[in-house]
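First residue of the sequence shown? That's 41 in the working numbering, and the numbers climb one at a time after it.
Honestly, I wouldn't trust all of these hints.
Claimed, not checked - Quick list of in silico lysine-lysine cross-link-like pairs, DSS-like style, CA-CA up to 30 Å:
no., residue 1, residue 2
1, Lys131, Lys307
2, Lys269, Lys569
3, Lys341, Lys291
4, Lys134, Lys269
5, Lys458, Lys102
6, Lys134, Lys159
7, Lys159, Lys227
8, Lys291, Lys501
9, Lys441, Lys458
10, Lys102, Lys188
11, Lys260, Lys131
12, Lys260, Lys501
13, Lys549, Lys517
14, Lys134, Lys549
15, Lys381, Lys341
16, Lys319, Lys338
17, Lys102, Lys353
18, Lys156, Lys183
19, Lys134, Lys204
20, Lys313, Lys281
21, Lys204, Lys156
22, Lys269, Lys570
23, Lys313, Lys569
24, Lys341, Lys353
25, Lys102, Lys425
26, Lys227, Lys128
27, Lys159, Lys338
28, Lys180, Lys381
29, Lys281, Lys381
30, Lys319, Lys159
31, Lys517, Lys353
32, Lys128, Lys159
33, Lys563, Lys102
34, Lys338, Lys128
35, Lys549, Lys183
36, Lys563, Lys128
37, Lys228, Lys441
38, Lys102, Lys128
Keep in mind that the hints were calculated from the coordinates and are not lab data. Note that the structure is predicted; figures quoted are calculated from it, not measured.
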Amino acid sequence: MKKLLLTAALLTSACTFSAASAAGTLVVAGNGEPVSLESANITDGISINVQRQIYDYLVDFKDGTTDVIPGLATSWSANPDATSWTFKLRKGVKFHDGTPFNADAAVFNLNRWWDKDDKYGFRDQGRNYEIVGQLLGGYKGDKTSVIKAITKVDDSTIRIDLNKSSSVLPDILAAGYFGIASPAAIKKDGAKYGTPAGSAVGTGPFIFQTWTTGDRVTLKANAGYWGVKPKVDAVIIRSIKDPSQRLNELKSGNVDIVNDLTPDSLKSVQSDKNLVMVKRPSFNVGFLSLNNRNEYFKNDKVRQAVSMAINKKAMVDAFWNGLGTSNASFVPPVLGWANSKAVPADYKYDPAAAKKLLAQAGYPNGFTIDLWYMPVSRPYFPNPKPTAEAIAADLSTIGIKANLKTEDWAKYLEDRNKEPGFDMYMIGWTGDYGDPDNFYSAYYGQGGSDDINWSPANVQKLLEQGRGAVGQAAKAKIYSQLHDITYNAVYRIPVVHSTPLGASRSYVKGWVPSPLGSEAFNKISLVGKK
Numbered sequence: 041m042k043k044l045l046l047t048a049a050l051l052t053s054a055c056t057f058s059a060a061s062a063a064g065t066l067v068v069a070g071n072g073e074p075v076s077l078e079s080a081n082i083t084d085g086i087s088i089n090v091q092r093q094i095y096d097y098l099v100d101f102k103d104g105t106t107d108v109i110p111g112l113a114t115s116w117s118a119n120p121d122a123t124s125w126t127f128k129l130r131k132g133v134k135f136h137d138g139t140p141f142n143a144d145a146a147v148f149n150l151n152r153w154w155d156k157d158d159k160y161g162f163r164d165q166g167r168n169y170e171i172v173g174q175l176l177g178g179y180k181g182d183k184t185s186v187i188k189a190i191t192k193v194d195d196s197t198i199r200i201d202l203n204k205s206s207s208v209l210p211d212i213l214a215a216g217y218f219g220i221a222s223p224a225a226i227k228k229d230g231a232k233y234g235t236p237a238g239s240a241v242g243t244g245p246f247i248f249q250t251w252t253t254g255d256r257v258t259l260k261a262n263a264g265y266w267g268v269k270p271k272v273d274a275v276i277i278r279s280i281k282d283p284s285q286r287l288n289e290l291k292s293g294n295v296d297i298v299n300d301l302t303p304d305s306l307k308s309v310q311s312d313k314n315l316v317m318v319k320r321p322s323f324n325v326g327f328l329s330l331n332n333r334n335e336y337f338k339n340d341k342v343r344q345a346v347s348m349a350i351n352k353k354a355m356v357d358a359f360w361n362g363l364g365t366s367n368a369s370f371v372p373p374v375l376g377w378a379n380s381k382a383v384p385a386d387y388k389y390d391p392a393a394a395k396k397l398l399a400q401a402g403y404p405n406g407f408t409i410d411l412w413y414m415p416v417s418r419p420y421f422p423n424p425k426p427t428a429e430a431i432a433a434d435l436s437t438i439g440i441k442a443n444l445k446t447e448d449w450a451k452y453l454e455d456r457n458k459e460p461g462f463d464m465y466m467i468g469w470t471g472d473y474g475d476p477d478n479f480y481s482a483y484y485g486q487g488g489s490d491d492i493n494w495s496p497a498n499v500q501k502l503l504e505q506g507r508g509a510v511g512q513a514a515k516a517k518i519y520s521q522l523h524d525i526t527y528n529a530v531y532r533i534p535v536v537h538s539t540p541l542g543a544s545r546s547y548v549k550g551w552v553p554s555p556l557g558s559e560a561f562n563k564i565s566l567v568g569k570k
């Protein structure tokens with residue numbers, strides 16, 4: 041009996057040691073400050089990276105893929121023409137404030153994003169839920185809106201009726217923007233919800249604690265999480281804009297995980313025995329946008345000249361260190377089946393021909409414009425300023441003087457859509473779900489093209505058809521046409537599809553990077569961290 045008791049004690053001790061060693065605080069080097077911790081009121085990946093820890097989604101993604109799996113909805117089904125979707129909801133789940141997740145909560149969230157008149161949308165205090173317009177065609181009452189009605193069927197079932205067919209609605213709802221928040225917390229905080237002065241309350245694996253502006257967001261483990269319970273006690277996501285500083289902090293052991301390192305950091309990571317290189321699957325596009333409000337860019341010859349003046353291949357070779365590819369497609373290579381065979385592999389690089397086009401357009405001596413670049417490194421543009429400098433240098437060879445400008449990230453994202461907008465600016469997109477619709481709708485759909493003031497009816501019609509199409513062959517016929525039209529229009533010039541470089545300390549286990557750019561950290565452990 042004593043031997044059995046001793047064995048049991050040893051087993052208990054071993055289990056206790058294992059649990060303790062797997063705990064600790066995970067410190068993540070974020071790329072910058074979140075714009076907001078309020079669901080659907082963001083369009084940027086920096087905010088999503090934090091929100092994925094706090095919120096769950098009706099539909100989720102299988103680790104490391106774009107395959108949809110159950111989330112807060114355990115199942116979903118559509119009518120034959122995909123104009124009505126029914127979602128069965130998970131029972132027994134509670135928000136971090138102890139209030140229940142149910143159909144009322146789901147409808148509350150969906151309505152406040154979609155209905156401009158919803159009193160809990162706080163649109164009169166700065167909310168606009170831009171991403172809903174981009175991915176779902178518009179808002180309640182808009183002729184272009186994909187959604188027609190949102191209905192509670194019973195306590196654990198909701199139905200979303202559509203104005204037009206959509207085969208990708210579940211994928212859209214899985215996107216990192218659409219985390220389900222506590223109605224009680226939103227009602228309590230009002231317009232402060234999701235800001236440093238308010239709260240952020242979901243059902244996710246981590247509970248929001250504090251947001252120190254310009255420094256960090258602190259979270260603690262949700263011990264009552266319905267899914268895979270966190271293997272760490274807490275998560276700190278620091279705001280570190282400079283990628284070289286992020287790498288130095290990782291090397292010194294001050295952070296455990298780093299995303300979006302510059303490609304030239306590859307050798308430095310590989311040569312450090314305390315670090316593990318992590319390559320995130322490529323699922324993005326970095327591009328240059330030209331604004332049709334600008335008098336020069338209203339001329340198609342000018343836009344073509346710009347595309348021919350930029351040596352994209354040389355730029356990618358110089359700045360991406362083998363971790364990027366350049367082509368003429370707006371979608372990443374994994375979605376290449378959606379490309380048109382009539383479109384060349386890439387835009388032609390020919391400065392002499394570009395200069396002739398400028399002269400034909402009436403600008404033999406060129407002109408001066410502003411070129412805006414983001415103030416933070418992103419997966420698609422890890423070196424935004426040097427890349428902007430290279431673009432400006434190429435444009436100068438044909439007589440276009442580009443004045444480089446930037447500003448705070450949140451303001452950058454806001455101002456690009458304010459009239460008259462930016463003349464020319466760098467931006468990009470990491471896919472939210474595995475369909476070409478996500479890339480094209482986000483930047484050519486209703487609301488998504490406000491920054492370039494170009495939204496022709498034929499493009500909108502094809503986008504609508506693409507959302508309703510079922511199967512790769514049917515989709516390819518539609519998106520190849522979109523590829524043709526957008527390539528020839530030259531309002532958005534794809535520069536790169538990158539393979540984002542990250543790294544972790546060697547004791548970090550269980551990190552499976554998503555091609556979508558962010559993942560929950562509940563499966564990460566820190567066994568052996570001192």
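Hints and how they fare:
Using a Cα cut-off of 30 Å, the hinted pair Lys131 and Lys307 is violated, with the two alpha carbons roughly 49 Å apart. Taking the CA atoms of Lys269 and Lys569, the gap is near 19 Å; set against the 30 Å cutoff, the hint holds. Distance restraint check for Lys341 and Lys291: the Cα-Cα separation of roughly 49 Å exceeds the 30 Å cut-off, and the hinted pair is therefore not satisfied. This hinted pair checks out: Lys134 and Lys269 have alpha carbons roughly 14 Å apart, not beyond 30 Å.
Distance hint between Lys458 and Lys102 is unfulfilled; the C-alpha atoms sit about 37 Å from each other, more than 30 Å. Distance hint between Lys134 and Lys159 is fulfilled; the C-alpha atoms sit about 24 Å from each other, no more than 30 Å. A C-alpha spacing of about 10 Å is found between Lys159 and Lys227, which places the hinted pair at or below 30 Å, so the restraint holds. A distance of roughly 51 Å separates the Cα atoms of Lys291 and Lys501; the hinted pair therefore is violated under the 30 Å criterion.
Between Lys441 and Lys458 the CA atoms are separated by roughly 23 Å; this keeps the pair inside 30 Å, and the hint holds. Restraint check: the Cα-Cα separation between Lys102 and Lys188 comes to about 29 Å, which is no more than 30 Å; the hinted pair holds. This hinted pair checks out: Lys260 and Lys131 have alpha carbons roughly 24 Å apart, not beyond 30 Å. A C-alpha spacing of about 46 Å is found between Lys260 and Lys501, which places the hinted pair above 30 Å, so the restraint is violated.
For a cut-off of 30 Å, the pair hint linking Lys549 to Lys517 is broken: about 43 Å separates their Cα positions. Pair hint Lys134 plus Lys549 holds up; C-alpha atoms about 28 Å apart against a cutoff of 30 Å. Of the supplied pair hints, the one linking Lys381 and Lys341 holds, its CA atoms being roughly 23 Å apart against a limit of 30 Å. For a cut-off of 30 Å, the pair hint linking Lys319 to Lys338 is broken: about 40 Å separates their Cα positions.
This hinted pair does not check out: Lys102 and Lys353 have alpha carbons roughly 34 Å apart, beyond 30 Å. Proposed proximity of Lys156 and Lys183 is supported: the alpha carbons are some 14 Å apart, at most 30 Å. Proximity of Lys134 to Lys204 is assessed by CA-CA distance (about 33 Å); at most 30 Å being required, the pair is judged violated. With a CA separation close to 25 Å, the supplied pair Lys313 and Lys281 stays within the 30 Å bound.
Between Lys204 and Lys156 the alpha-carbon distance is near 20 Å, which keeps this suggested pair within the 30 Å criterion. Between Lys269 and Lys570 the alpha-carbon distance is near 22 Å, which keeps this suggested pair within the 30 Å criterion. At roughly 15 Å between alpha-carbon atoms, Lys313 and Lys569 fall within 30 Å of each other, so this suggested pair holds. With a C-alpha separation of about 22 Å, the suggested pairing of Lys341 with Lys353 holds against the 30 Å cut-off.
Restraint check: the Cα-Cα separation between Lys102 and Lys425 comes to about 35 Å, which exceeds 30 Å; the hinted pair is violated. For the hint pairing Lys227 with Lys128, the CA-to-CA distance comes to about 25 Å; that is within 30 Å, so the pair holds. Between Lys159 and Lys338 the CA atoms are separated by roughly 40 Å; this puts the pair beyond 30 Å, and the hint is violated. Using a Cα cut-off of 30 Å, the hinted pair Lys180 and Lys381 is violated, with the two alpha carbons roughly 38 Å apart.
A distance of roughly 40 Å separates the Cα atoms of Lys281 and Lys381; the hinted pair therefore is violated under the 30 Å criterion. Of the supplied pair hints, the one linking Lys319 and Lys159 is violated, its CA atoms being roughly 43 Å apart against a limit of 30 Å. With a C-alpha separation of about 29 Å, the suggested pairing of Lys517 with Lys353 holds against the 30 Å cut-off. Simply put, Lys128 and Lys159 have alpha-carbon atoms about 26 Å apart, close enough for the 30 Å limit, and the pair holds.
A hinted pair counts as satisfied when its Cα atoms are at most 30 Å apart, and Lys563 with Lys102 qualifies at roughly 13 Å. Under the criterion of a C-alpha separation no larger than 30 Å, the hint pairing Lys338 with Lys128 is inconsistent with the structure, at around 49 Å. Our distance criterion of 30 Å between C-alpha atoms is broken by Lys549 and Lys183, whose separation comes to about 49 Å. Distance hint between Lys563 and Lys128 is fulfilled; the C-alpha atoms sit about 26 Å from each other, no more than 30 Å.
A distance of roughly 51 Å separates the Cα atoms of Lys228 and Lys441; the hinted pair therefore is violated under the 30 Å criterion. Using a Cα cut-off of 30 Å, the hinted pair Lys102 and Lys128 holds, with the two alpha carbons roughly 19 Å apart.
Violated hints, in rising order: 1, 3, 5, 8, 12, 13, 16, 17, 19, 25, 27, 28, 29, 30, 34, 35, 37; the structure is consistent with all others.
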